Structure formats: structure tokens, C-alpha cells
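Novice: Turn these sequences into a full structure, and let the hints guide you.
Protein chains: 2
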Amino acid sequence: MEARMTVHHQQGTRHFVCTAGEPVAPLLRDAGLLPLPCGLGKCGKCLIYADTAPTDEERSLLGERRLAAGLRLACHTRARDGLEITVPHAGALKVLTQYADMDYVREPLVRRVPLAVGEATLEDQRSDVQRLLTAAQAGGHELTLEELTALPAQLRSGEALAALLHGEKLLGLRPQGTSHALIVDIGTTTVAALLADLDGQRIVAALGERNAQSPYGADVISRIHREMEWEKAGRQGSNPLQAAICRQIDDMLQRLLAESGIQDVDMLSLTGNTTMLHLLCGLPGEHISKAPFIPVTLEPMCLPAQRLGIRSAGRCFLMPGISSYIGADIVASLLAADAHHPQEPFLLVDLGTNAETVLYADGKLLACSAAAGPCFEGATLSCGMAGQDGAIDAVEADAAQGLRFSTIGGAPAQGICGSGVLDALALLLDAGCVDETGRLEAGDSPLGRRIRDDALLLTETVRFTQRDIREVQLAKAAVRAGMEILLQEAGLRHEDVRRLYLAGGFGSAMRPRSAARIGLIPAGLEQRVHVLGNAASFGALRYVSEKGAQAAAAELIRQTRYIELSAHGGFSESYVEQMIFPAA
Amino acid sequence: MEARMTVHHQQGTRHFVCTAGEPVAPLLRDAGLLPLPCGLGKCGKCLIYADTAPTDEERSLLGERRLAAGLRLACHTRARDGLEITVPHAGALKVLTQYADMDYVREPLVRRVPLAVGEATLEDQRSDVQRLLTAAQAGGHELTLEELTALPAQLRSGEALAALLHGEKLLGLRPQGTSHALIVDIGTTTVAALLADLDGQRIVAALGERNAQSPYGADVISRIHREMEWEKAGRQGSNPLQAAICRQIDDMLQRLLAESGIQDVDMLSLTGNTTMLHLLCGLPGEHISKAPFIPVTLEPMCLPAQRLGIRSAGRCFLMPGISSYIGADIVASLLAADAHHPQEPFLLVDLGTNAETVLYADGKLLACSAAAGPCFEGATLSCGMAGQDGAIDAVEADAAQGLRFSTIGGAPAQGICGSGVLDALALLLDAGCVDETGRLEAGDSPLGRRIRDDALLLTETVRFTQRDIREVQLAKAAVRAGMEILLQEAGLRHEDVRRLYLAGGFGSAMRPRSAARIGLIPAGLEQRVHVLGNAASFGALRYVSEKGAQAAAAELIRQTRYIELSAHGGFSESYVEQMIFPAA
Numbered sequence: 002m003e004a005r006m007t008v009h010h011q012q013g014t015r016h017f018v019c020t021a022g023e024p025v026a027p028l029l030r031d032a033g034l035l036p037l038p039c040g041l042g043k044c045g046k047c048l049i050y051a052d053t054a055p056t057d058e059e060r061s062l063l064g065e066r067r068l069a070a071g072l073r074l075a076c077h078t079r080a081r082d083g084l085e086i087t088v089p090h091a092g093a094l095k096v097l098t099q100y101a102d103m104d105y106v107r108e109p110l111v112r113r114v115p116l117a118v119g120e121a122t123l124e125d126q127r128s129d130v131q132r133l134l135t136a137a138q139a140g141g142h143e144l145t146l147e148e149l150t151a152l153p154a155q156l157r158s159g160e161a162l163a164a165l166l167h168g169e170k171l172l173g174l175r176p177q178g179t180s181h182a183l184i185v186d187i188g189t190t191t192v193a194a195l196l197a198d199l200d201g202q203r204i205v206a207a208l209g210e211r212n213a214q215s216p217y218g219a220d221v222i223s224r225i226h227r228e229m230e231w232e233k234a235g236r237q238g239s240n241p242l243q244a245a246i247c248r249q250i251d252d253m254l255q256r257l258l259a260e261s262g263i264q265d266v267d268m269l270s271l272t273g274n275t276t277m278l279h280l281l282c283g284l285p286g287e288h289i290s291k292a293p294f295i296p297v298t299l300e301p302m303c304l305p306a307q308r309l310g311i312r313s314a315g316r317c318f319l320m321p322g323i324s325s326y327i328g329a330d331i332v333a334s335l336l337a338a339d340a341h342h343p344q345e346p347f348l349l350v351d352l353g354t355n356a357e358t359v360l361y362a363d364g365k366l367l368a369c370s371a372a373a374g375p376c377f378e379g380a381t382l383s384c385g386m387a388g389q390d391g392a393i394d395a396v397e398a399d400a401a402q403g404l405r406f407s408t409i410g411g412a413p414a415q416g417i418c419g420s421g422v423l424d425a426l427a428l429l430l431d432a433g434c435v436d437e438t439g440r441l442e443a444g445d446s447p448l449g450r451r452i453r454d455d456a457l458l459l460t461e462t463v464r465f466t467q468r469d470i471r472e473v474q475l476a477k478a479a480v481r482a483g484m485e486i487l488l489q490e491a492g493l494r495h496e497d498v499r500r501l502y503l504a505g506g507f508g509s510a511m512r513p514r515s516a517a518r519i520g521l522i523p524a525g526l527e528q529r530v531h532v533l534g535n536a537a538s539f540g541a542l543r544y545v546s547e548k549g550a551q552a553a554a555a556e557l558i559r560q561t562r563y564i565e566l567s568a569h570g571g572f573s574e575s576y577v578e579q580m581i582f583p584a585a
Numbered sequence: 002m003e004a005r006m007t008v009h010h011q012q013g014t015r016h017f018v019c020t021a022g023e024p025v026a027p028l029l030r031d032a033g034l035l036p037l038p039c040g041l042g043k044c045g046k047c048l049i050y051a052d053t054a055p056t057d058e059e060r061s062l063l064g065e066r067r068l069a070a071g072l073r074l075a076c077h078t079r080a081r082d083g084l085e086i087t088v089p090h091a092g093a094l095k096v097l098t099q100y101a102d103m104d105y106v107r108e109p110l111v112r113r114v115p116l117a118v119g120e121a122t123l124e125d126q127r128s129d130v131q132r133l134l135t136a137a138q139a140g141g142h143e144l145t146l147e148e149l150t151a152l153p154a155q156l157r158s159g160e161a162l163a164a165l166l167h168g169e170k171l172l173g174l175r176p177q178g179t180s181h182a183l184i185v186d187i188g189t190t191t192v193a194a195l196l197a198d199l200d201g202q203r204i205v206a207a208l209g210e211r212n213a214q215s216p217y218g219a220d221v222i223s224r225i226h227r228e229m230e231w232e233k234a235g236r237q238g239s240n241p242l243q244a245a246i247c248r249q250i251d252d253m254l255q256r257l258l259a260e261s262g263i264q265d266v267d268m269l270s271l272t273g274n275t276t277m278l279h280l281l282c283g284l285p286g287e288h289i290s291k292a293p294f295i296p297v298t299l300e301p302m303c304l305p306a307q308r309l310g311i312r313s314a315g316r317c318f319l320m321p322g323i324s325s326y327i328g329a330d331i332v333a334s335l336l337a338a339d340a341h342h343p344q345e346p347f348l349l350v351d352l353g354t355n356a357e358t359v360l361y362a363d364g365k366l367l368a369c370s371a372a373a374g375p376c377f378e379g380a381t382l383s384c385g386m387a388g389q390d391g392a393i394d395a396v397e398a399d400a401a402q403g404l405r406f407s408t409i410g411g412a413p414a415q416g417i418c419g420s421g422v423l424d425a426l427a428l429l430l431d432a433g434c435v436d437e438t439g440r441l442e443a444g445d446s447p448l449g450r451r452i453r454d455d456a457l458l459l460t461e462t463v464r465f466t467q468r469d470i471r472e473v474q475l476a477k478a479a480v481r482a483g484m485e486i487l488l489q490e491a492g493l494r495h496e497d498v499r500r501l502y503l504a505g506g507f508g509s510a511m512r513p514r515s516a517a518r519i520g521l522i523p524a525g526l527e528q529r530v531h532v533l534g535n536a537a538s539f540g541a542l543r544y545v546s547e548k549g550a551q552a553a554a555a556e557l558i559r560q561t562r563y564i565e566l567s568a569h570g571g572f573s574e575s576y577v578e579q580m581i582f583p584a585a
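Chains as they are written, first to last, in the working numbering: chain A, 2 to 585; chain B, 2 to 585.
Hints were generated in silico from the structure; no laboratory data involved.
Errors might be hidden in some of the hints.
Covered stretches of chain B (chain A as the covering partner; in silico rule of three or more C-beta atoms under 8 angstroms from a C-beta of chain A) [as the list claims (entries may be wrong)]:
(1) 126–135
(2) 144–154
(3) 280–287
(4) 369–383
(5) 559–571
Note that the structure is a prediction, hence the values are computed from the model and not measured.
No residue lacks a Cβ here, since even glycine has one placed at the ideal position from N, Cα and C.
Specialist: Pasting the structure below:
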């Protein structure tokens, strides 16, 4: 009997037509989706998610916890019609290999220290807590009443215990062993989670997912409005936005733990923009969304994970932010860019719906946030799309055809994503098909002949229109005007900037030459681009694993002057100036 | 129609026979049980507890909260058969008048500071928390997520707010106004609660009650055993001992608040012996009860009152202790005795089931706890009883009758309490009816003729027997041996001790001369006795209202060497020596 099977993997989804009852392991291996360490069903490493009845061997190799999380072994799974398989994203994100290589002084914020607590005698009648503090060389503790209640039995159990220390403070007791942390960057669009082994200094596993709040709106403002509606309706039930993100983080943690066979993490380092962290904590975002744009708090926070509904005995460390629109994710990116160590002047830009821009010079920082709108994420363009399979992500000149392009995953072109948009516009400017005011004109060149009905035809269906060009023009003007205001305020010229750090997905994907060609970044700086990739995650890892990073982050924030562009006298003029595209 | 009415008041219970429908206010006033401020039913101050349907005027004068607590106005209450009235204990305990007079530098641990939080503008975009911290001159905060969630609306409400500060730390926001504290001394037998106005430096109201854990056992060991049984039975439901004391404190707080018309307290200062504080927190007492006598913790604790099921937004400050048998109540008594300020050598004794004894000299302290057993509380003596109505509390020589006595409340003698026991034994020793080995012998004197069948007859039914004398002899030997060990260890003689502080109820009630006569205290020190009364409550008040008292308490504890008598080489010898009564 024929069986149709769906396999979700990191790059997308594939469909298989096979015979019911056929083993799925060879199919997955041959499709390059899953390595089979032993291929015999014995090693227990060919993990997949599948809704099947577990075999006895799966039971013994995986254990109840992983089975309950939906994990199965490919070698023990047989095809059936309608079966859906998900291949775990082991070692997915770019940051993965960087951790062990990176050059910084390690000192995890929370660490496990093996304990030898002396026995009580009539000559040494110190309390259990006092003997514990002495053995752990701790200056105090944050044990809850429940933990204190369990302490006498624990100390007398003979178990090999470790103290969980946060600086001088004892947080709790754990079994002796390796300390792990979950690192989460809560982006408005995507949530990235890394499971880090703090002792071995390696990333054990990683996951990236669409933010579960997405159904409530694409951008921070619509999310906040949704949350305000819930408040105005009388706060019935739990806050839906908070519940969505907390459940998602919990779910990602449980899957990462189950996949890695790790019991629990000792801490969670959480970063994200100011709105995302407000929604995570259930704090009202109303005043972030309207002038004068006031967040409830930007301070770092330390909360038990359980307080956020996350099933872990670890503590959540929420990173501090700078303002409503320069959040903890930018602070993290600054740590990733080494801004807490002296260096030559740099610009750091995180391009999304808002372009958060920071100028660093001599240990002082200037920051602003420019509303770019969602066009770089493809949302408002006629054929725009996110950077997924089928998106045109690169466009080049071609003498014969006028242009040639590539798509993500090599799939048939379905639309165009941010990096493709920059390339296409740069190409049009180079060819003189768009003038410096942004007007699109057909012509007799191979490229010019692809312009019809006020649109460049990339394919018969994928078009880049005059209206799209206007959208990009407005966005790039806002972003670039922000940069110019920062440089003006600091009294610096473009050539003084030694590095241009690009954070975030779009920054990593775009070609600097195209960005400079359309004027999104100043001419000349395309040579000085340093792509940080998943900078916020990496900074959040440094925040909890680099010696002195928390104090360094606080100092960076103290040294930052935030410039509210909407209140800046020079912004309108600069914005209009930057509307013009650079001459060839 | 005749109505029988019962009135519970601080000194006991009285029964009234009156006419149904008759106003009760004049009856209570004439019996000296209640002052009537206006006598017209208009001032709302003649508060009583009664189970009656409230009148409209009571509704408007008292408000729903007090009505719900059972409070009524005497001027609006009419007699009916079976009516039970309780007169609130306004201003009961001895400590009442002392607070305002006492000479120490005030600086409450938690204080309300009126706030003026600036409005946010585009030029001042600091977060709500940051503007709040600046306005409060606070260095950090402990606001919960719920409090942070409520903050934006609170700051924008226009309400006159005060910051609740604990040192540099912002604990929360409150309406502007006076700050109150609840002071609780959890004794094994009784619980004393004071409601203190920290700004006005006065005690607003006080309550004293039998510890609600009493049904679970009279002493700490039986309470611990009861708690262990609950643990061993699988910890079903809530811990009954913890629930009893938490409910009792909550109930006392609600009554004190309702009687005083105060909204809430900002903090609670809790003291008590180590077992009582363990049971309060639900911490297992098992290892307190058996060698080597190890408590879970002796550290000070700070908990939200709600964590203990107490309906208050205040914080509980639990005082620190010295050892399993020298608890936070003794630390409080030391503060009451000014031990944190330099003075001449003193002994402090709190006589109960255990005699906690502290010797102070040159800023160093030695402490021990001697098992006196319950005989001073009347429990094990043949006609012993607690210091209640009808207890013989004082016995004197009488040439004709051999002795005369008084009873508490002037009621017919029902038994004898601790102070009476000391007097009676001193009298027998003076008269030679008990020799220095403790043998009771009848004789031909008026006193000697009252000795029959190995017992002194105080009345026909109230007897003080040979066996009772042996009990007292053992108890006084233990207490006194402890004192002698401390003096030996410090290299001091009796005459070096300049003051003998007596803490606790029995210490206040006993006559020092009798105590010295039977050898419970060293001869000569009866001239140097200072009665501290409810020292633990007063010390707990100082702990949260005296500048630097928390650090002072920590330093006192650091300076204290606890001597475990059961492990002390000289104790047995001293114990046997002290068995002998002093010669005349």
C-alpha cells in the first residue's frame, strides 16, 4: 500500500511517497536529512519527532521523558500514510561554532561548585544553612522556604551535591555535574534558543522558530494593541501574548533538553527588544507604543523560571535595555561586538521593522531607532516575502537577460526577500533604469526591456514595482538619516567609522555593495562591514558566561545617549536629503 | 424577660443577668470594663465584639471591614439571652507605655517616603521604574511582576503616593500616610502581638493569646514530634502546626487593624524561640529535637507576609537566633536589655520550660539553655497551674496561720503558679520545714502543722508536696548550674554581675528574694534584678525601629559563644552541687 509521508526539517518540508511499513531511516539518510550513527537501531542517536507507538527498544533507549516529548528513533520508525516526521535542528544556528573559539574571559554568572558539608556534632552545632554556606564559601543564600524545608534531608542523604552559586549568593543545591544554560533571543518575528554547556564551553543544541505571538500581529505595535484590548476587556484569563511566548520558550527548552538528554538548565539568559521583554513579563506596553514612549522598566531582572511558567529550576536573567526602541537585544549585540572593550569607532545596525543604530566612539555611545517599516522583511512589497524557500535572495546583472537571480533552497521563485530587493534596486540604479529621484523607466537595454507596466519583471509573476521602490526609498531614507544624525552629534565623518557591524538576519543576508549602492549605508563603509549574524543570542550568551559582563552591560547603558529622532531638530531635513539615491 | 450575658475581657470572663433589650453600654461601663467616650452612640469608639445584627448607624460608623470582623458598638448593642460580648484588649501589655519613652535612636527598617514622580516627556524618556527610583532616592527595587504591571497606571493616576523603602531598596508603593508595624513574639505558650505606629512612636493596640498550637503539645519537643508525624504520614494537606500559627497571627493582625481602623501594616517583626520560628516557616524541627540539636537556619529572613498566609502587603522580618535553644526571642531580649550598647557585666535569664541564660561581659556573650522542665509553669506539680485567675501567686509568712496567700484576680484558690511555688518553698526553708537536702518535715510551728501526708496544705485542696519540692529542686539545680558554668567560663564571680535581667512572664512575676532563697539565683543578685517584662516583643520592636539594630543583632550573635551544657565537662558536677538548697 502506498504511504504519503511529510518530513519537516530545518530548510523546509519534504514529501515522500513510499510503501507502508517501509523503514523510514534509509529514506531520511538518502535524502540527506538525517545521519544514522549506527544504522542498526542500537545507538539511540537517530532522533526524530513522530507520532508513533514506541517500540520496546525505543522505550529503553530513550526513556519516558523523551518519549513524552514526542521523540522517536528513525531506525525504529516505519512509514504509514499521513505520518509526519520532524527532524530536530541539531546544531543549526550560525553562532554554534563560535562559542568555544571566541576570545573572552569565562566566568559563568551561575556555577555549580561541588560541596563537602561537614557533619554536625555537639562541638559544631552550626545550623544546616550555616554549614552549607561555609562549605560553599557563599556569603548568603536565596533558598525558598520549600528549599529550606528539603535541606536537612538532602544534607544527610549522602548524595554528591553541588552548590549553585550566583556570585557570592547560594541559589540552591543540585547534583554534581555540568552546568547548562538556555540562551533565548526573543525577536518580534523569530525566537532563537541555544542550549549551552557552560563547563565544556560548547553549544549543545539550538532551535529557531517563528514567534508564537505572530498570530497577534506582525510588529510590536500591533502586539501591544492586542495586549491592551485584553486589558480593556477586563483581563479575562491569562494574558494571551505572555502565555504564547512563555509556553513557546518552555516548549523549546523541553525539546532541547530531551534531545540532548540533559536534565535541566541552571539559568536562562533572555534578551529581546523592549516590547518583547515586556510581553514576556506581562508588563503593559501601552506607553511604549505612544509618545513619549515610556517603558515600565529597562532594568535587568532575575526571576525563577517557574514564575514565567517555564518548567525549570533555573533562574531567568533578563537583560537590561536602553530605551523603548533600543532594547536588550541591542545591548546583547553590543556585547557581541565587543563594545565593552576599547576599540576604534564603529556603527552597529540591526535592520528590521525598526533600524536600531548605535555609534560607538571612545567608550561613549549614541543610539537611535528609525522606523524602517516592514519592507526589508518583504511584508509591504507587492511580491515581497520572508527569507524562506522560494524567495529570490540575490539578483545580479546578466548581459543577455538583463538579470539573473538565485532563490533560497533552489526552489521555484515565489517572491523576493530583503537582500534580493536591495540587489534588484542596485541593479536598476547601475543600469540607469531608476534615476536618483527613484523614478523607474523602461529602456532598450536587456534590463530595460524587463520593465513593463511600472514594474521590473523578475519572472512572469514576481514583480518589483514603482510603488515598491518608493517603499524602499522611504525606509532607506529613515535608516540613513538616523545614522547621519548620530554621526553629526558625535562630530564624526563617514571615514572615521572603522567598522560597520550588521546584526540580525537581514544584516547577515544582504550584500553590502548593494546596500551602499542604494545609499542604505554610507559609500565606503561596505568595505568595513562585519556581519555579526545572530548577535543578540551570542551577546546573551556572553552576558551570562563572560567575566564581568553584567557590569559591562550596565556601564554600556550608562554611557549611551539615546536620541529620540521624532524630537530631534535635524531629523526631518536629513530624512528628506536621504530620500535621493546616490549618483552612479 | 431575663437575659444572661457573658462578657470576655482581658482579666477573664464575667456573667451578667439583666433584662432582654436593655442597653449593654452602661452595664459594661459601670463594671469598669469599657470606657464610653461619648455615651451617645455617635463617636464610634466603644468597640466590642458581638454577634448581633448591626444597626444602620453601626454600619456607617464602622464600615464593612470592621463589621465583617465582628466588631460592634456597645452603645448600639442590646442585651439578649445567651449574648457573648468580647471587649477588645486595647493597650494591654506592659510594653505599651515604654515605646515612646525609651531612649534609642529611631530609624524604622521600612519607611514611607512621600513621592513626587516627574512626568515623562520626549526629553525625559526614562522608564517608569527609573523615574520612580530617582524620585524615591532608591538604589534598586524588589517590585514583583504584579506590582510592575500595576505601576504605569499608578504613576499616572494623580494619587498622592509614598515609596515604601527598606534602606536603599524600594519595596513598593503605598498611599501617603503613617507607617505601622505588627510586632509578634511567638512563645511556646502565648503569642503576643503589638500594633505600633512607627511615625507617632506609640503602640496603638495589643493582643495576647494562648498559642494556637497548644493542642498539639505543651512544649517544643512534643510540637516537633507532632510535626514529624505529619511528615511521616506523607505530608497530607497543609502542615497543621504551621497552619495554626500562621492563621493565628493573621487573625490577630486583622483584629488589631479592624479595632484601630488602620488599613495595613508595612512590616511585621517576628520573633520566638528557634522551634517556633521553624514551625512558623514549615521548616522541619526534627534535628532540633535530638542530639546534636541542629536547626535548619538561624539567619534573619525577609518574606512577603502573604507567603505565610497572612493577609497583608507588608514584609515579615524574622529575627535571627543563636542556636536551637537560644532563639531569636533571646536575641530580642538582649536588644531590650541594651546589650548592643556597652555596659557593665550582666546576666539575662528567660525562665520557662528551658531557662535560656546569657552572660554579658565586655561586649562578649556566653549563652546556655538549661532544661528546667515545666514545673515553673505549674504543669508537673500536683496542684500546679498557669498564672490565671484563681492561681496562688504569692505566699507569705503569717505568725498565726503559718502562711497567707493571694490569688490572681482575687478568685478562690484553685492551684498554685510559679511565683507562688517559689514563695512557698522559700517560706518552708526559712521556717526549717524543708532542710538543705529538700526533705519536707512537719513540726510544731503554725507552718509545720500545715504539713500533713508529705505535703504543705495551702488550702484543703491546694497542696505542695514532697514530690513537688523534688521537681523544683531538679529544675533550680539545672538553671543555676547553667549560670555557674557561664560564670566559670568567663572567669567572673557572682559579685561581678551588676545586673540580673529577667525576661518573660515568670521572671516578671516571681519575687527575687524567694528566687535567691531557694538558690534559683545567686545570693546577692536579688538586689540587682531588672524586670524586662515582655522583653522579646520590645526587642522585636527595637529590631525594626532602632537605627542599626539589625546589624547590632548580627554582631551580638557573632559575639555569642553558645555552650551546649550536655557536652560540657563541668555540668554534671555543678548540677549535683546546685541540688542542695542554701542554708538559712
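Novice: All the hints need checking, so say for each whether the structure fits it.
Specialist: Taking the hints in turn, this is what the structure says about them:
no., hint, result
1, 126–135, "holds (count 6)"
2, 144–154, "holds (count 6)"
3, 280–287, "holds (count 5)"
4, 369–383, "violated (count 0)"
5, 559–571, "holds (count 4)"
Going through the hint list in order, the structure does not satisfy hint 4, though it satisfies all others.
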